[in-house]
Amino acid sequence: MAPPAQSSRYPSPSQPSGKGEVSDLRLQLRQLAGSRAPGVDDSKRELFKKVISYMTIGIDVSSLFGEMVMCSVTPDIVLKKMCYLYVGNYAKVNPDLALLTINFLQRDCKDQDPMIRGLALRSLSSLRVANLVEYLVGPLGSGLKDNNAYVRTVAVMGAVKLYHISASTCIDADFPATLKHLMLNDSDSQVVVNCLFALQEIWNSESSKSEEATREKEGLISKPFIYYLLNRLREFNEWGQCLVLELVAKYVPSDTNENFDIMNLLEDRLQHANGAVVLATIKVFLQLTLSMADVHQEVYERIKAPLLTLVSSGSPEQSYAVLSHLHLLVMRAPYIFASDYKHFYCQYNEPSYVKKLKLEMLTAVANESNTYEIVTELCEYAANVDVPIARESIRAVGKIALQQYDVNAIVDRLLQFLEMEKDYVTAEALVLVKDLLRKYPQWSHDCIAVVGNISSKNVQEPKAKAALIWMLGEYAQDMDDAPYILESLVENWEEDAPEVRLHLLTAIMKCFFRRPPETQKALGIALAAGVADFHQDVHDRALFYYRLLQYDVSSAERVVNPPKQAVSVFADTQSNEIKDRIFDEFNSLSVVYQKPSYMFTDKDHRGPFEFSDEIGNLTVGVESEHEVPATSVDANETSDLLLSTTEKEETRAMVANGSDYTAPLYDSSSRALPSQGQSELAITSLLGTSDPGPQASMAIDDLLMGLDLTAPPAPASAPPSLKLNARAALDAGSFQRKWRELPVAISQECELSSQGAAALTSAQALLQHMQGNSIQCIASGGQSPNFKFFFFAQKAEEPSVFLVECKINTSTAKAQLNIKAEDQSTSHEFSALFQSALSRFGMS
Amino acid sequence: MISQFFVLSQRGDNIVFRDYRGDVQKGSAEIFFRKVKFWKDDGEEEAPPVFVGFMFLNNVGVVVSVWTYNLLYVYLFLLFLFIQQNVDGVNYFHVKVVGLLFVATTRVNMSPSLVLELLQRIARVIKDYLGILNEDSIRKNFVLVYELLDEVIDFGYVQTTSTEVLKSYVFNEPIVIDAARLQPLNPASMFMQGTKRMPGTAVTKSVVANDPGGRKREEIFVDIIEKISVTFSSSGYILTSEIDGTIQMKSYLSGNPEIRLALNEDLAIGTSGGRATYDYRSSSGSGSVILDDCNFHESVRLDSFDIDRTLSLVPPDGEFPVMNYRMTQEFKPPFRINTLIEEAGSLRAEVILKISAEFPSNITANTIIVQMPLPKYTARATFELEAGAVGQTTDFKESTKRLEWGLKKASFLRYISGGSEHTLRAKLTFSQELHGNITKEAGPVSLTFTIPMYNVSKLQVKYLQIAKKSSSYNPYRWVRYVTQANSYVARI
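Sequences listed follow chains A and B, in order. Each residue of the first sequence is one higher than the last, beginning at 1 in the UniProt record's numbering. Each residue of the second sequence is one higher than the last, beginning at 1 in the UniProt record's numbering.
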């Protein structure tokens, strides 16, 4: 035990200076040690308490060691306990003292009183001194055979402690086998539970070294053992039940009857007052029904009420943990929770971490029937005194609008926000109106009327200002004074954030193409300021625009302001795969952090969840693996969607974000950097005087035309040097395991040839083609126009494999690739190879 | 598995610190406290109950955005390594109990609800033993607390949190601190109804300490505690309402007799969906109680629950919830709030708050506090109470721009009792001219209160039967009700 670092502010019984007090105590202890007078134990207790209180406030009382041990030769258990506390504290830092205690503790391990035996054994095994382990084996061995259950529970834990000090000693003494025997036969439930804790820990770390441990570890989720635990479930206390349920969640029953038997048996656990038991039970239910879509949905319905009850009972902290899990489920299957939206309303006194979760849930469950009420509620929060939550609420309203329900009414509300004259409300609303317009250009008329009334001086936040500027540029023809507002903004160039300056450049360009005479002046100033800008991105973009204009105004327009397609779906920030992984780690920290465990723990500490990788909990992507290869899976069934991710996400392919229109172009311009130095002065002077209007710009001297403005060759077109093994083999299980273990190396979109898209009428056709390129398919599914494939390939020289998830939409002739590689360094080469193979499809 | 457990005071002092596995650095308590205290720079957000110890993460995003698209993968990979090194990998869990922070650390991806539940239980076990849980009592009894902690968790694995089971392993006797001194904060005081005093000390009695007389008093407490949440729209219509109730038990009976607890016979559980309770109610008469859902303590047996709505159990020692329930059935809210805001010129406005108690007049409520955020530019507020108001306080909190109206128990004759009505007029002066709608700048009005011996759900304990053969055995049985505001809000 570590002594608490007590603050001096707290008055201790009598703040002793140290030495005098300690020698005083020593004297008193000596007097009492030999005494057999009645009531002597009481005086000893008082003294011991004093010693321990000195110890906890940081006074070194280790010099009293001998006297303390002497005084503890007594049947009084309170005294013993205090002495153990004392010994445990000093033995660790003082191995010499530890050696002294061994005798004393070993003797107590043979005491008549089982309590003393247990306590001594616990103290002995907690010494954590490596060179004393030999003294531990004997007492532990007899402790495991003790006829008292308390001693056995302590001894079992002692065995794990020994394993941590010296693994080989523990294995050599054959403790794992003894523990296994106890686990299967002991009458005391706590002994069984502790054995399970202990063996999980020991076998987990042994399994990397020994085959046998791996087998034993897998034995923990075998049918007979799981049934044994389930039969004894009621004997265990709630914490033991949590452990057992965690294990049951990993068990894969052989037939559906078994599934239902287990679920019936556990049904009443959902009514437990302990949230941890309920969540562990829910995990079992969810895992057991993963392959039974309709039952899986029923499970969602069944667990709703218990979860909501847990959220509203208990402390705010507990309800947060449960709410995080509810959040996960709502995000997976919002339609199941659509009628419960009122439960996700925020209460004014809730902490903001709870409110944030609730706002996200409200956003997710919005549908035709409840949108009006949800948005009304959210609008109330927008006027809230809690500013961060007010902002989140406005964003939530915007997200709901983007989900297409009742857009009409929501646009009205957003426009009302703009008129509320609270700066943060206006700022958030502007950003949303911008996003909304990108998706629903048809609303531009109403929005622009309101946006036009906002004085740019009242908008300070960079994001909001950028949004406003984007709208000014995009709808320059609809807003009379757009060029003049932009011009006034250019005048304060220096004061704005780089993000705003970038948008300003683009907006002025767009405005220029529509209303050249009015914008000409502003453009000149902006380009000049931009080229002289210290910010690299701004500088590059200004220079790039300038050169584009020089080259050809009409191509500049095609580049900067091409006709845009309305964005159908905004990109999701988290991949489906990550979400599935989090779902597999239900009832763990992953859910609270919204990250799979590999992102926040190191490998040694992933705990009981590291098992689940090998056992193969199915997620939809690999679900059809048992029917390998290539049977069709109807990806459009709602129940199926529940198993993977929501309908909304399924269609998220089109990526659109902020100022991405110009991003790739600006990228290439940055490559022209090295030679621009000398010419910079020339440009600025040029810009200052010359007329960059359409006609005049033609006449600009081709001063800089020698520069290489083309993008460097993309790595994809490099000749692939990678050789693949034409006869690669991988079974479904290991594919699945690898897929979970590896991070996504490359995620990108590529195009199919139009012939290829046309030829892809069934999954089978592509499979054969890819096989010809040494890329094997392990699972496929979908129907025209949406197909999904899982491929793998293996290097010719070594066993390193590549895994690919490939989603193809034949109507747009696009493929979305997620590539994982065991050897990260060759993943780009492989990607190129894969893409070229894919692009050749249908050509022959 | 738990690596460490510690209790910190509000100032961040270590009161108790126990290291179970030695795999987390010693300074974790300081790291934790700094993290919680400075969670967000603006201090507006509270630290969540669970977080992982990160360092430097916020600076990384900026670095990445500078790199161009093609190089992004390389840098993402580097970024990954960078984060890996800077996550200290320690997960911190905490719950707040009576102003103390109960904290656990672990390196393993554990179930968060398990750890948080455990922390709450540890607090409860300590309270069961010490009678009163606070910094002082823990410091006075730290030997006992360490003794408990050793039995509750061994090498990071939970052993038991049952006070009953622990009693056979724990031998130190608690040093009971003076309860009388703490009377006003005493949790028992919420049950006090006027002059009918409840045995307030019982709730702060340790389960192991004997009474001065050396004999334990045979008694059992059953408390029905309901927390209600109501949101009124600006027109006074109820938007949402919910009752979260607990039947809590604390038994001091010797010999662990079995107990039968009978609830309303017409109690129904589970409705087809949300608020579809209305039809049901009209058909089965007004008296029935319909719970949306409930859960039970593990000692509760439900053998005859479906037949006659009785729960049977052998109550373990210590305080525990027999049953938690949730109800969205409509109920009559105990208070109505009327708010009127009148603008008087561009720099002034008057707020008129009226609250009326809508429960029987023999019931009285304790400590009612009405709060209302006022516009940010409010400079001054003057208050006018009704004539003859006693025991009412008014305050304008300058820093938060909040109006606070307290109706406290100042005299025994003038509580807020059922049927009564009180009004407050507040004259506001603004530092800048009003623009827009004042109702968007102020409110909502929120209410906190406690009403002893009253429950809105009408759930009742019809009888409490103690199965013990002897006819002379007649322990004290206390069945107490209380209603508290959880989130009681009226929009304006």
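Bear in mind the hints are in silico, worked out from the structure with no lab data behind them. Remember, it's a predicted structure, so these values are computed and weren't measured experimentally. Please note: incorrect hints may appear among the correct ones.
Unchecked claim - Here are the simulated DMTMM-like cross-link-like pairs (lysine to aspartate or glutamate), alpha carbons at most 20 Å apart as the crow flies:
1) K342(A) <-> D294(A)
2) K376(B) <-> D386(A)
3) K92(A) <-> D42(A)
4) K49(A) <-> E135(B)
Do the hints match the structure? See the list:
Taken as a hint, the K342(A) and D294(A) pair is broken in the structure, with Cα atoms around 26 Å apart against an allowance of 20 Å. Restraint check for K376(B) and D386(A): satisfied, since their Cα atoms lie roughly 12 Å apart, inside the 20 Å limit. Proposed proximity of K92(A) and D42(A) is contradicted: the alpha carbons are some 29 Å apart, above 20 Å. Between the alpha carbons of K49(A) and E135(B) the distance comes to roughly 19 Å, so the proposed pair stays at or under 20 Å and holds.
The structure shown violates the earlier hints numbered 1, 3.
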